[in-house]
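Student: Given next are the chains, with one letter for each unit.
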Amino acid sequence: MLSSIFSTLFSMKFLITIVRLATPIVFAAIGTFIAAQSGIGNIAIESIMTFAALAGVLGSYLSGSPWIGVLTGMAIGVVTVMLIAFFSMKLGANAFLIMIALNTFADSVAIFVMFLMTGEKGTTASLTTPILGSWDIPIIKDIPFIGEVFSGQLTLTYICWLIVILLFIFIYKTPTGMRLRACGLNPDAARTAGINVERLQVLSLVLSGIFAALGGVYLSLNYLKIYSRGMVSGQGWMGVSANGIAAGNYWILILSAIIFAVFRAVSIIFSSNSALPTDLVNAIPYIAVFVILTAVSIINYYRVKRGKVEEQ
Amino acid sequence: MSETILKLDNVTKVYPNGTVANRDINMEFEKGEIHSIVGENGAGKSTLMKVIFGIERPSSGTVTYKGKETNFSSSMDAIKAGIGMVHQHFMLIPSFSVVDNIILGDEPKNGIFIDKKEAARRCQELSDKYDFELDVNAKVSTLSVAKRQKVEILKTLYRNAELIILDEPTSVLTPQETDKLFDQLRFFKEQGHTILFISHKLEEVKKISDKISVIRNGVSKGTYLNEELTMQQLTNLIIGRDLDSDMDAYKTHEDFNNEKALEVRDLYMERNGKPVLDHMSFAVKKGEILGVAGVEGNGQQELVKCITGLEETAYTGDIIIEGSRVNDLKIKGRRNLGMAYIPEDRMGDGIAGELPISDNLISTYYDRDDINGKVFMNNKAIRDTAENLVKTFAVKTKTIDASVNSLSGGNIQKVVVAREYNTNSGFMIAEQPTHGIDIGSEEFVHHKLIEMRNAGAGILLVSANLTEVMALSDRIIVMFDGQIAGYFRDAKSVNESELGMYMLGAKHQTPEEIGGALND
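Protein sequences, first through last, are from chains A and B.
So in the working numbering, spot 253 of the first sequence is number 253, and the numbers just go up one at a time.
With positions in the second sequence counted from 1, the corresponding number in the working numbering is that position plus 312.
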């Protein structure tokens with residue numbers, strides 16, 4: 001049994017699994033990151049993914065096109081963040097309370113809507129939903145090893161990595177990106193430089209909602225072909241955690257998201273191969289989140305104490 | 313020929329809560345002059361600047377800039393029109409480079425990207441032109457305060473500001489840095505820039521200004537040519553009467569039997585292997601003010617931390633407050649013995665900004681029997697105490713329920729002093745008690761310290777302001793490099809230049825002479 005686990009761990013299949021599992025976490029991570037850069041802690045990522053995952057399936061089912069489904073999910077993501085922006089910025093409510101509320105009822109709302117549409121409370125399997133496929137990259141697909149990992153992945157995975165690169169350029173190389181970072185680092189300074197801080201924060205929230213939504217529709221329209229209850233299961237929170245670990249460093253953010261994906265992959269392999277209790281094995285990625293966050297805090301504590309970095 | 317660049321006509325600003333910050337202000341600023349605006353904290357200077365810079369809209373009246381009535385809806389409009397402002401609290405992003413801070417909001421572009429090369433070139437060119445000696449690629453967090461201020465000024469120049477507003481620019485600078493800044497301001501003037509200089513350091517205002525405008529209680533008290541005003545006239549305009557500079561007149565001389573409020577014996581502390589407090593011994597007697605003079609950074613802060621109990625690291629020697637050795641006591645224990653403390657960092661250590669004035673007025677003795685019932689706080693007693701203190705200390709506020717943050721600096725300091733005064737302690741540490749507050753409030757704080765002294769309290773006055781130390785103290789010690797470099801039995805017998813010699817380490821007394829600090 002152990003040997004079968006080890007052979008899986010070092011197989012091509014394992015690498016491919018990691019790439020597949022990384023996509024939603026990376027989406028969640030960049031969604032948290034872009035909001036944080038403008039000074040907004042978006043902890044509603046988990047709920048936005050849930051709403052978008054279901055909306056994506058319904059949009060695809062009703063229109064017959066998976067791309068319309070993706071757009072529907074994105075629209076729901078934007079609507080959700082706009083609600084957050086409206087309540088917190090316009091009406092002065094506490095943004096965190098709104099987001100906690102969203103996270104609390106996201107699953108139930110999704111189940112309720114699903115029941116209205118399908119009469120079932122578990123999955124949308126009864127709906128025939130057109131879904132997105134995978135993409136074989138010409139030439140690269142014929143290269144051994146590289147072709148197997150980099151070609152034939154799911155469509156939204158490619159879009160994800162394209163966004164990762166474009167977002168980096170946007171944040172660090174364009175005027176708008178620089179202004180957006182300024183809003184997060186010192187809103188008063190940004191304001192006195194003539195920057196409309198609130199407008200940029202809304203922009204970053206919208207992007208945040210879109211990225212989180214893409215993470216959600218990836219799960220229901222690309223990775224699986226149904227929405228099933230609880231399918232986001234903490235992947236949004238992993239993105240939020242990755243943002244905490246990154247402390248403003250973009251590539252550490254991406255790396256952290258991938259590391260969480262590795263632990264998810266490990267947990268999947270163990271659950272199908274080992275005699276360990278399933279609940280324990282399923283908990284591996286979450287334990288990893290806990291351990292990594294704790295380690296990062298301890299390291300930061302000592303770095304600040306030894307005067308290596310300023311306290312944040 | 314002079315031409316008017318900015319004109320204020322009957323500018324009135326009433327805040328929604330009814331506070332009248334400015335009332336019918338008329339002022340005129342000419343191109344190429346250095347024009348100071350002076351007034352006490354809370355007189356309405358800041359509000360007026362906000363109106364000019366487009367952060368606030370006037371309730372009535374007009375602002376005319378370059379012949380056109382302005383109708384700024386935000387500071388962006390003011391910047392576009394050619395007005396720049398250097399804020400008292402810097403508006404910089406420490407983790408950004410100098411270049412990025414300067415270009416933020418008006419970035420040179422290359423396609424959709426920021427043209428970093430062009431940006432750096434332009435910033436370097438500006439820095440060179442005005443002789444700022446800045447490394448434009450450095451991170452702002454690595455720069456000294458004076459250099460950060462230069463970055464702020466460059467920000468305004470980068471946007472081609474013709475009128476530059478400087479809000480209390482010298483409050484963070486050393487005297488040498490201030491001189492340098494003034495040279496630069498004169499250079500800007502030659503280049504045709506108009507400088508609007510806000511300060512409550514009157515010596516500096518006299519030194520740099522062409523014209524001086526005075527605001528008192530939100531009302532303009534006129535604009536004067538610098539040379540037609542004496543210092544005394546200026547003071548009179550600002551506070552509405554002459555200033556008492558002779559504190560001695562208020563001192564009474566009762567005998568407290570040489571009782572000691574504080575004794576420090578052989579205090580020694582190291583940091584990074586270097587002594588920061590080097591075997592200091594002195595005493596503060598009841599009914600006297602012992603002044604501690606010295607250039608900042610010669611151990612004064614550490615001394616205060618040791619005495620108050622804020623310093624957690626190990627030191628040796630004895631600290632005796634009101635006859636009890638307190639080395640092992642924490643702050644609260646020392647306060648219970650009769651220690652009061654006016655901290656240097658008013659906003660950080662002195663107050664809890666969000667809390668109401670009333671709570672801030674009792675926060676260091678909240679557990680005293682008269683305001684604390686067995687289970688609940690005695691709210692009526694707290695309110696009575698606070699109302700009383702606000703009245704006796706002339707704190708400018710409508711209600712004791714306002715958050716203390718909403719007050720001006722001078723009034724916040726009055727709250728801190730009032731609270732410590734009301735502890736009725738026998739020993740008080742006053743650390744930079746009038747730092748950054750206006751002359752009216754300063755005078756008030758001085759009077760209260762003298763009053764406490766007359767009532768028998770021993771006061772340790774730590775101040776970087778020599779005039780203050782000399783005006784208030786009965787005896788003076790000078791600190792240099794963690795040691796007592798000089799001791800003066802009679803504060804009246806020493807002059808500023810003599811003290812200066814000890815402060816800079818040019819002179820050092822013998823141990824026998826210094827011994828008087830403890831034994832006299």
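Derived from the structure by calculation, the hints contain no laboratory data.
All values reported here derive from a predicted model rather than from experimental measurement.
We put the beta carbon where it would ideally sit given N, CA and C, even for glycine.
Errors might be hidden in some of the hints.
[What the hints assert, rightly or not] List time: in silico DSSO-like cross-link candidates among lysine-lysine, alpha-carbon distance up to 30 Å:
1. K428/B with K173/A
2. K90/A with K362/B
3. K362/B with K533/B
4. K708/B with K686/B
5. K173/A with K533/B
[Unchecked claim] Distance ranges between label pairs, derived from CB positions:
6. L62/A with T374/B: 53 to 61 Å
7. Y172/A with L649/B: 35 to 43 Å
8. A458/B with G147/A: 57 to 65 Å
Student: Hints first: check each against the structure and report whether it holds.
Tutor: Checked hints:
1. A distance of roughly 9 Å separates the Cα atoms of K428/B and K173/A; the hinted pair therefore holds under the 30 Å criterion.
2. Our distance criterion of 30 Å between C-alpha atoms is met by K90/A and K362/B, whose separation comes to about 24 Å.
3. Under the criterion of a C-alpha separation no larger than 30 Å, the hint pairing K362/B with K533/B is consistent with the structure, at around 19 Å.
4. Between K708/B and K686/B the alpha-carbon distance is near 33 Å, which puts this suggested pair outside the 30 Å criterion.
5. Between K173/A and K533/B the alpha-carbon distance is near 51 Å, which puts this suggested pair outside the 30 Å criterion.
6. Between L62/A and T374/B the beta carbon distance is about 60 Å. The supplied range of 53 to 61 Å therefore holds.
7. Distance hint for Y172/A and L649/B: a CB-CB separation of about 57 Å, inconsistent with the stated range 35 to 43 Å.
8. Checked against the given bound of 57 to 65 Å, the beta carbons of A458/B and G147/A, roughly 60 Å apart, stay inside it.
In summary, the numbered hints that this structure violates are 4, 5, 7.
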